[in-house]
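**Q** Take a look at the letters that make up each chain.
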Amino acid sequence: MKLVIDENRCKGCNLCTLVCPYRIFRPGTRANRKGVLVPELDRPERCTNCRLQGLYGRTLCGVCQLTCPDQAIGWVRERPYEPAKIEVEY
Amino acid sequence: MSFADWLRADRLPHIWCSGCSNGTILNCTLAAVEAEGWDPDRTVFVSGIGCSSRAPGYISTDSLHTTHGRALAFATGVKLADPSLNVVVFTGDGDLAAIGGNHFIHACRRNIDLTVVCMNNLIYGMTGGQGSPTTPIGALSTTTPYGASEPAFDLVALAVAAGANHVARWTAYHVRELERAVQTGLETPGLSFIEVRAGCPTNYGRKNRLREVTDLAEYFRTKSMLKAKFDRLVAEGRPVPSDAIVVGEFVRRSNPAMGVVP
Ligand SMILES: Cc1ncc(C[n+]2csc(CCOP(=O)(O)OP(=O)(O)O)c2C)c(N)n1
Ligand code: SF4
Ligand code: SF4
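Chains A and R, in that order, are what the protein sequence lines are.
Numbers given in the working numbering equal positions in the first sequence, counted from 1, plus 36.
Numbers given in the working numbering equal positions in the second sequence, counted from 1, plus 483.
Looking at chain R on its own, in the form it has when it is part of the complex:
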């Protein structure tokens, strides 16, 4: 068995653009589910709306492709109706942090036993590249033609503060690390949140001098900084590049969780 056995081969090739990270993140998540040995008949994938949210449609298990921003609300319902089901949520940055922001913090607060994989491409991909709550200051998008001027959400810090039991960040370049992080998430009771920095060559890369897919991968490779190194630099009072993507595991704890089979 490999992760490829979880795919609906009849639905491929998928609709994502050439070089879109969503496909890679789908592979890594399925590889983690496969490594965990989950039963496809007892596993449910849930998503909202967006390019990223199309992921469950390519998986052979039961899935819910719900309304914009409501993936976590539907996933909460599935998990509480039958806590013995394994529930994984795919969501985008707009889906999770803009229209679905309140569901996100409350799902973390309740610490529901879900694994949430956020494909954060820093914009609204599906609707044509508008700015999202995670668009970095200075980045160009359809709605920020002179560069984004509002501070961006740090989704990881938000999840940690709101109470999630396991929080990690990786990029689509770090395939093995991402697979392992998702697997840790599947094993952790309570809410597990994995933010994955994703490349959207079509709507983000094109406007931000990352037109080539390989440029985006190179960007992730060179800008990523392990959390341990980041912490060390901060402790020593040394400067940290403002565009560093801090990657690694941010929290793993065992606070009381909801929806866990006793």
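The following block holds chain A by itself, in its conformation from the complex:
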């Protein structure tokens, strides 16, 4: 799965930058078409749900999605699935 932020919904509150255990979300620096500083994704392939959703068949972690007050965070299926080389930091 691939982590995506819906730019049309995000209002740039930065709550996602606070809750992700991998700190994948970084405060945005460039304003989009609506003037919102949408967070940038730092190596999103580290996300638990990106890596393991397919294996377990359910959402794993997902705390950013539950927290995002603007329902802007989601995952899209990658086709074909490309296993990326992942370095997990502890």
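If you're looking for bench data, these hints aren't it; they were derived computationally from the structure.
Treat the hints with care, as some may be off.
Stated by the list, open to error - Derived DEER-like restraints, expressed as beta-carbon distance ranges:
{"#": "1", "chain 1": "A", "residue 1": "R79", "chain 2": "R", "residue 2": "A644", "range": "19 to 29 Å"}
{"#": "2", "chain 1": "A", "residue 1": "Y58", "chain 2": "R", "residue 2": "R704", "range": "12 to 22 Å"}
{"#": "3", "chain 1": "A", "residue 1": "E43", "chain 2": "R", "residue 2": "R659", "range": "24 to 34 Å"}
{"#": "4", "chain 1": "R", "residue 1": "V723", "chain 2": "A", "residue 2": "Y92", "range": "25 to 35 Å"}
{"#": "5", "chain 1": "R", "residue 1": "R689", "chain 2": "A", "residue 2": "N68", "range": "16 to 26 Å"}
If you're wondering where the values come from, they're calculated on a predicted model, not measured in any experiment.
Where a beta carbon is used, it is the ideal one built from N, C-alpha and C, also for glycine.
Since the structure of chain A is provided, determine the placement of chain R with the ligands on it from the hints.
**A** Below, chain R with the ligands alone, put in the same frame as chain A:
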């Protein structure tokens, strides 16, 4: 399926401000409903008036956006007309505890089989940040420019005393705990009341040195105290910070309830 499937995508983005907790609470409630496996066609969301009360408008099921303070009265009607329906109420602190205060205590007394989620942002958000019955002493609002001087309602204590079968409090920072508390509420026959401390960066945060959305989240994280710890401190006679937000489950009982399918 995920909670996102319960949303009316065509109505998004919603009107709530950037960082308003109402969106998070909506997510957690829908996640609980989804985890419970409820049928969208047999589920009704009811609300009164306020920012918080706009929530049902973003959900794809049937819903009622009623008059100010009357969400519980309408929800009682829905539930008694057809007790097989699942009814969830979204309400604000002003909607529930000010204009709707009497409906609140009597719904708890009757113990009607509803799940009530109160998005308590400590002020009237929609009308410009006036003080509400839950504004803490000393807090600044449009109508308390020198700091609120009246004691605030403890909504949880009120619901427990009035007879609700399940009562819990969490904050918008505690997303998983909140989801679980709402799910317990959905499963408990009788009235279930979940108070959620919500951040209103626009009308509360701006006046009370919590301007940044992340400051509000940090405030909830650091000021929250689990009920077990609070009880222990009280039992040992140790001091409890006056601004602690006591979170957790306060009551779960099985008193006779109204509107339950026999
Ligand atoms: C009978 C009536 N009185 C007053 C109002 C004005 N009014 C609209 S929203 C609101 C307060 C809402 O506050 P709250 O329930 O805390 O919700 P929030 O907006 O903070 O989520 C008031 C007083 C109204 N709409 N109807
Ligand atoms: S939590 Fe949601 S709305 Fe807020 S910055 Fe992150 S993606 Fe955007
Ligand atoms: S005014 Fe406050 S409660 Fe209303 S949408 Fe904005 S942040 Fe939320």
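**Q** Hint by hint, note whether the structure agrees.
**A** Here is what the structure says about each hint:
1. Checking the proposed 19 to 29 Å range against A/R79 and R/A644 shows it is violated: the Cβ atoms sit about 52 Å from each other.
2. Range check, A/Y58 to R/R704: Cβ separation about 18 Å, and the 12 to 22 Å hint holds.
3. In this structure the hint that A/E43 and R/R659 lie 24 to 34 Å apart at CB holds, the actual value being about 27 Å.
4. Taking the beta carbon of each, R/V723 and A/Y92 are about 41 Å apart, not inside 25 to 35 Å as hinted.
5. With their beta carbons about 24 Å apart, R/R689 and A/N68 fall inside the hinted range of 16 to 26 Å.
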